[in-house]
Amino acid sequence: MPSINHHVTGIEYWRSLEQLADAPEVLDALDKEFPGYEADTIASSSRRGFLKLMGASLALAGIGLTGCRRWPEEHLAPYSSNPRGRIPGVPEQYATMWELGGVASGLLVTSYDGRPIKIEGNPTHPSSWTVKGKIGSADGFAQASLLEMYDPQRSAKVVARTKTGEKRDSTWKAFESFASKHFGEQKADGSGFAILSESSSSLSVADQKKRLLAAFPKAQWFEYEPLTRDGERDGAKTAFGRPVRPVLHLDKAAIVVTLDADLLSTHPAHVRYAADWSARRRSADPSGEKPGEMSRVYVAECGFSITGSVADERLPIDPSRIYPVAKSLAARLGVTGVTSDEHLSEMEEKWVASAAADLKQAGSAGVVAVGPAAPPHAHALGYAMNQAIGAVGNTVMLVEEQEADRPSHFQAIADLAGQITSGKITTLLIIGGNPAYDAPADLAFAKAIESVPVTVRLGLYEDETSAVCKWHLPRAHYLESWGDARSWDGTAGIVQPLILPLYGGKSAIEILAIFSGESETAGEQIVRRTWKPLLKGDDFDLEFRRVLEAGVLEGSEFPAAKVEPRAVSYPAAEPRRPGLYIRFEPDAHTYDGRFANNGWLQETPDPLTKLLWENAANFSKKDADALGVTTDDVVSISVNGATLPVAVYVLVGQPVGVIGLSLGYGRTVSGNIGNDLGFNTYLLRTSNAPYSILAAEVRKTSESHELVMTQNHHLIDSVGAAGRDKRIGEKYESGKIIHEASFAAYKANPGAALGGRTVGLQLFDPPNQFNSPHAWGMTIDLNTCIGCNACAVACQAENNIPIVGKQQCRKHREMNWIRIDRYFKGAPDDPRPEVIYQPMACQHCENAPCEQVCPVGATMHDSEGLNTMVYNRCIGTRYCSNNCPYKVRRFNYFDYHSQDPRHTGMPWNNLPDNQQMETVDKIKRMVFNPEVTVRMRGVMEKCTYCVQRIHRTATAKRAEGKDVEDGDIITACQQACPTQAIVFGNLNDADAEVTKLQKNPRAYAVLDATLDTRPRTRYLAKIRNPAATETAKEA
Amino acid sequence: MSEGTTKTRAEAATPPAPSRHLFPRWLNYLLPALALAALGGGVYVPVLFGFGASPKTLAVGYQPTQPVPYSHALHAGKLKIDCRYCHTTVEKTGFAALPATQTCMNCHARIKTESPALKPVFDSWSTGMPVTWVKVHNLAQYVYFNHSAHVTHGVGCVSCHGRVDRMDVVTQVQPLSMGWCLECHRNPELNLRPRDQITNLGWTPPAQTDAERLAYGLDLKKQYGIRDVTYLTSCYTCHR
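Protein sequence lines, in the order shown, are assigned to chains A and B. Under the working numbering, the first residue of the first sequence is numbered 1, with each subsequent residue one higher. Under the working numbering, the first residue of the second sequence is numbered 10001, with each subsequent residue one higher.
These aren't lab readings, by the way, just hints derived from the structure by calculation. Zero decoy hints are in this set.
Not the full set, but computed from the structure, chain B residues with beta-carbon under 10 Å of chain A: (1) 10088; (2) 10091; (3) 10098; (4) 10100; (5) 10103; (6) 10126; (7) 10128; (8) 10134; (9) 10140; (10) 10149; (11) 10233; (12) 10235; (13) 10237; (14) 10239.
Derived PhoX-like pairs (lysine-lysine); straight-line CA-CA distance at most 25 Å: (15) 10092/B / 962/A; (16) 957/A / 10092/B; (17) 290/A / 999/A; (18) 290/A / 360/A; (19) 10135/B / 922/A; (20) 10222/B / 957/A; (21) 10135/B / 10080/B; (22) 10119/B / 10135/B; (23) 10222/B / 962/A; (24) 747/A / 996/A; (25) 132/A / 290/A; (26) 447/A / 167/A; (27) 167/A / 181/A; (28) 134/A / 10092/B; (29) 922/A / 157/A; (30) 10222/B / 10092/B; (31) 360/A / 252/A; (32) 32/A / 806/A; (33) 957/A / 10221/B; (34) 134/A / 252/A; (35) 10221/B / 962/A.
Quick caveat, the model's predicted, so the values are computed rather than measured. Note that the Cβ used here is the ideal one computed from N, Cα and C, for glycine as well.
Chain B with its partners taken away, still in its complex shape (with noise of 0.2 Å):
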């Protein structure tokens, strides 16, 4: 404080030599700032990618608008239509196809014949061109999965779908990213459920403890003959 007094009075008395105080008091404060700003921003840019850009950020919740508001959670839910009723490839095929429009027909035939939210459905059946869904769970074009390499060997529809028999709109609940993929190959045992419970949403392991799962799930998995670790995470196993 003392200085800064006798500052002030050095200025009064004599006109400020201007090649002595070209830079702002405040400037020295810069370079401790910057030091924090790079510190601060080497945490925070990677932070900020690595979760923003990550596909738990950008896909999951992924809820694109369908042609027509098909509602899971009343047919699958409610109604308790099993998946393969319309999905009818997903045990035999890599792709688990859409039903055609004649499967929707089977009932709407008879039921809402009137509803206008069904029309692209009975357009379609009377035109013969399809209804253009929207894809909800899309992967690389580089990946090569198959439904039914999963289905039959104990892999419920749930696992990457998550609970859509409570879905009024289809939403994607898993990233889907190749790490996530990858958890469940180094260690299948924890998503195995018997053959029939496949496509029972709902079900839960007759398991009390995490011990009495694992070995549910290793006992499973021995019976399912599932291929050992290195083989499910070879690189040809779903690239080629």
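Excised from the complex, chain A in its bound form (with noise of 0.2 Å):
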């Protein structure tokens, strides 16, 4: 067996400390293809069984003539009448909205054939449009609750629990008898009655909930969100006397300091922020929208954010930090009132400075911005800077906030916590969300909720709430409701059903017309009613189906709030206490808890930490170190008298003295795939403290837990690469599968980009071109991928990818064709480490080592360049996968779409052998994309360029005489890119963006130079922008 040595290198850029560190389990990882596959461990025990067992399926091929049997008869029912403009077997698209977390996004969803398939983002409404007009982008999350819609676990039926606690099924007959005679008897009055709802923009839940209080005067409306937003809000209130919402255009933005705000991946608008982001990244080139002109990023953050991993100045702090590093800032530019006492590590001292000359100079380009979980002063600060430096109006637009004098949201569940104990509420209704799960641990929720006599409840799923609450409805899902909702800047759209409800469900403004005893009940005519007053023109039809259609009512932005600042006067930063602050961080599977269920999203790793299927507390380096875990070790945390056993995960660039912990794991009512996974932390956060606090007792213990990560999955192997420079005196560089510069260096001399590395000389010219009828190409530009996860998930649902489970996650088996190697550079111990997020799919070789292995020609090229898996022919080998350099080969090692993966209990060591059992669920495979084969047990897949939009498109086009055009064929993965990091294209076409992107000066092929693979994915150089590049060097 080959030695593997990674002391020939001295690796620059590494997934893992064990990489860097070469331990063993990632050298066996690099040695071994298929690690986790042991053959003896699964092989069938004896030579009688073996032979029992082909004797067994030889005599099964024979007999039922598999091969040679005609398959069974398959009917067609076509319309009665055919609905107008509706042609089978052609996908159709409509724009809908939907909302997390109280704000919405715009969406484009396909509907084949009736069933809703694949959901992208509306490029015709702002908050989701990376090209205007062209292409709109869709969040992981949006992008999955098309699974949520078709999970059968999802709650389907009416349920009611007596007295005693005893649960049984009842149906919407008798819940509506039961709720005109409960809430018959007390209208006019209400006193008792209370409503806790998620937050909500839309506009028909505002009338119905403004019809509800005045049917029931005495009525309180309660609002809840465990990820609230309500700092910002608190902020503005100390700044301006009254909650306003920064808006930001960061396209405009010259110079962009964050102040612990996350704008590019759990802001609200993180979809509009991160295409603006990147515009501004791209001036970098030449051929930039405003060449030479690209952007720095300063961001000060108590985490690791993806805004973090691609800022250029990072400031890791704690929060106690946050407040002083932002007043010092303020003081340097200027804002009155402000002076400059606080004392500075040399860290953010030099932070601070640069950040500070820098919006000086950048003046009304320059912005600054301030995260929910920062201290109300320092968003008043963070508004006065804005103020100073002429931002607002510019790169900031204040706009009036929604329902400006309600409490804050931690406010509101601890008043109704109070007023539940006291007795007050006799009736509570809860509509979505989940407090019995996510409510702050000090109010004991669950028990208050049960306290009350009576509660009923609307949601998705039956989950914690429901488990105390005396009716459960099922709530449909945005998909199949009518409904309406606002973006982050305000404008309005509408929701529309792409569906029927698949399991009877009803939507919260339904509901509350039933409670408010209405006589319009349907979700439609509420809407529609809402809608009247809003849409000018004769026809209110008409203009209703025009917002239909474009999903977006224009101008209907929050209008600019006339706001003043007050003077503020901001005290003194309190001194730095010791110990570890506990940061909670929305969680990148699960957001809040409520995607528990959903396993698209529990298999997508996490961008940074590159965990699957829970969560863990982030330590780093430092303190782990300090303390004596390491990753997989379990320590104790208390605070507030309660503790929590939770594994470690050592972070690289985790801020030293801060824990980070996921919210949304440790879900005990949410689903097969949901439950009992990762660790609760919402048990440590109280209303007092809802986004950081102080640990009182860190502890390690004797326990491990074996967390599942796929940062060491599919590693590429440069070992070999680094052997060959070594013997032929090359500086080591051709092996290198990542590429970055400085702008400062680029600018200067775009060749830098590469290190000066040039192409090596061809012997002989390729044999074959694969350029007829075209040549088809991609390009990732290394410099505006965030890794948010948004093309995994497109792919998952646009290629019917499975996913495998924990076990299988834990033997380097997940599916997914597009993983995020996520690349530290720096030593492992640095505060500061640059990351580097690096897509990897199919190269589409023209050269490819999988074609030269296969026995069988299950993979070969076609003409343009698309190195085909042809499922069929596929005996599963495995040698393509084996002989792959760029690891991106998946293997079906079960039927994984069969059945739900975490079910145990069957054959073959509880691994989920679903061959025997019944076909894919019957609802589940709704979901299927028809224009992808879904894929058996024993063949290899991967990547195909969206072979069936190529086709789908070029067909059409042909079949009206044309040829496809730039921009005609978009991949699932660089549509759903927020930053268009993903350009797809014809390189035959010289006007393509896609063959402009490949003469770049940062584009380059990995590996290609050694192994001569002629990929036809090229990546763009990653280009940072540090500041005072020519000091940093000096120094």
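Each chain sits in its own coordinate frame; assemble them with the hints.
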């Protein structure tokens, strides 16, 4: 066995501390093609058993005559009367909206013969466009909400609980008769009636709320959202006396400074922000929109966010330092009333000085953004700084907030809990959310709900909250119901159903109508009534249809807020207390826990930690070393009298002194996928410290917990390349899979992007050009990739990619066709490591190593340069995967689609062998894209460049007698990418964007120089724009 | 013969020695017979499966019973209704749509309104539920056939479906196997016709000799801009 020795190179970019340290498991993974595949543990035990199985299968093959039987009779059922414009087998797209945390974004949903099968962003909606009018992007959550709709475990029945807690199935009829009786008695009063709603921007909900409160004058409406942005509202109140909402224009921003604000990932407007941000990053190229005016991003943060990972200057600090840093920055910018008396560390000082100088210089082209977890005074400072540099009105627009007078979410839920405890609440209606699980732990909210005599709950799932309510009502998914919503900038749109409710659910507005005892309970009519006064024009129906079609009501943004900053007195910062801060963060998989039962999200690795199927406590290397723990060790964290054992994940770059805990795991009543995974960090969260708190005690325990993460999966082995370079005396460069340069160096010499490397001479011309009639190719810009996973989820949805379950992921068997390799650069204890994201999918090599080893010709080249994978030829030798240097081929070890992968008790060592089980769930299979084959067990698969999209467009164009033009074919990943990092097109077309990009001085092909694979996917080197590069170099 | 007599005489004289005559005499022929069977079987079995299991045997002639005895011979042949009157989407999309009941009712609201054979159609019209037809030309699920790509590029209906205008009950006439598809994908010129003759099932090329036919086809091929053979025989052209 060849020994692997990384020390030949001393790798510059590494995926994990283990890789950097040459840990045995990493070497093993590099060494073996299929780690976790131990033939001995799977093989049948005896020779007798083997012969029996072989005999039986032979006999079955013979008797069944599987190869020469006519396939089953199929039927065709045409419409009785064709709906207008409907062509069977042709997908249609409908505009709609969806809300997360009370902020909506515009979507375009593809429906195939009446089944929604794909969710994309609406290119005409300001929240979603990446190329206005052409490409709209939606994030991973929005795209995966499709799977939620088809989830067979979604609530399908009205459930009633007796006083003793006994559960029985009920009906809508029974509930309605109960409701009319119960609420009929309360009419015109409503004291003791409380509604706890999730946050919503819906106009119809607001209208229904008004009507409900008119019917029950003494009823109270509470709003709660665990991942609230109320910190921003409180901040604006401090600054202006009332809440306003900042809407940023990052495309105009030359200097972006964020104070614990994750603008590119967890912000509600992050899709648009990312698109705008990327425009100013592309400006690094002479061909960019504003050539030579690349933005510089300063991020001070208390965790490690996506925004931080792509920052040019990052400052990892603990939550107590955000305010003093903001204050020093403000003082340097000359904000009145702020004195720079805070003591800063050397790292902070450098960051603040540089940011202040840049902001001053940028003036109105600068912007300061402050995150929701920052204290109110930091927000006030942020507003003051934007005012001082003149950014307000240019890069920052202040607009009116909705419901300016409502209490903050944490006040509201604490108030409600108090009223319940004192017995004032007799009827509680809970709309959405999951307060029994995610309310602050100090309120003991689940117990409180149980003590209310009448509790009605409307939810998508029967979850923790349903378990303590007397009535559970199934909620209609947003893809099944009528509604309306507003995006971050206030643009209103209509939510339209794509399908009738699969499980007989009702929407929030329909439920509220039932409660108010209104005559109109049909969702569509309620929405039309709300919109009647909004739409001008004589023909309301026509105008309504226009909004429906566009998915957006033009000019409905929130009006600009006319606010004058108040004189704020800024207190001195509190000194830092010793100990470790706990910081609560949204989870990349489950958001706040609501997507726990969503397999697509569970199996999409966290952008930075690459964790799957669970969460962990993110520790900095320094803190972990001090505590004597490492990844997989379990620590017990105590705060406010609660103790939680949680597994440690050592995250390089995590701020020292801060433990990052993501919320949204440890669900107990969610479904087969989401139950009993990870750690319920809500248990440590209290209403007085919802964002961060100093831990009382963090103790090492003797336990350990094997976390599943993909950071060491599918490692690209550049050892061979390094060895060759050493022999021929090259400076260990040709095996490099990452290239980057500083903006200053790149501007001076574009060749610097690739380190001056040139492509080696070819002894012979390639035998085949694969360019007839088109030559498909792709570029991926490492400079604008933010690792957000939107492409990965898009690919999963588009290409019918199965989820495989936690156990299988541990064996490196996740099926994602596109994986996002996250590389660190720097020393392992560097507080500010550099991060690069590299999306990696099939490179469609012209000289493909996989094709050369397939014994059955199951992977071949087509005439347009696609490396084709023919499933019905594949016999599963996996030689191709073994020979693929990029590690992008995925093998179907089992029939992963057939059954929920987390079911255990199956044969094969409890592995989910679903071969013998019933076929794919009837409802689940409705999510499949009919244009892509659903692969079975035993075949290899990989990225196809979305060949179904290529053929659909090319064939349709040809039928019209035209050829495809640039931009006609958009792959699923390209479509979803909020920063347009992925560009696909025809390399034969000299004017195509992809052709131009492949000629960019930053363009390079991974491993091509050493292996001569001639990949069709090219990467564009990353450009960083650090402050004062020259001085940094000297230092 | 003389040996035989000697033996008989010897048997009569002495009792048979069982150990020396364990096997009957005819067994001597077994080995050659077996060899012959092996040889014959080696030919017979592949021939049987080769022809018996071939789509030409199994698929050609497939003629399922339909819920309504709809006659293409009457409608398309005698009444000369164009294929596209019912199969409306054939030029625009991959799937050549079956007509909605409404299409039938365009005429049958007035014609043969009492016919018992048309009952499923009338039922469908009054209930809104579909008439469930049985699919005759059924490709494997991993084949992504596209009607519009063919009919807009000179491949006529008859090439795959045969003389449907003469069929009372639709029958599959071509094997629709991969080999059969590839025959045409390799040499499309022999199956090309002018655009206005796509649905004319009885069209014959204006050519007297094979050479003329070929030249005519090649001309059309150029005119339609048919892709080259490498493209037409690439895996992803039909499979994904």
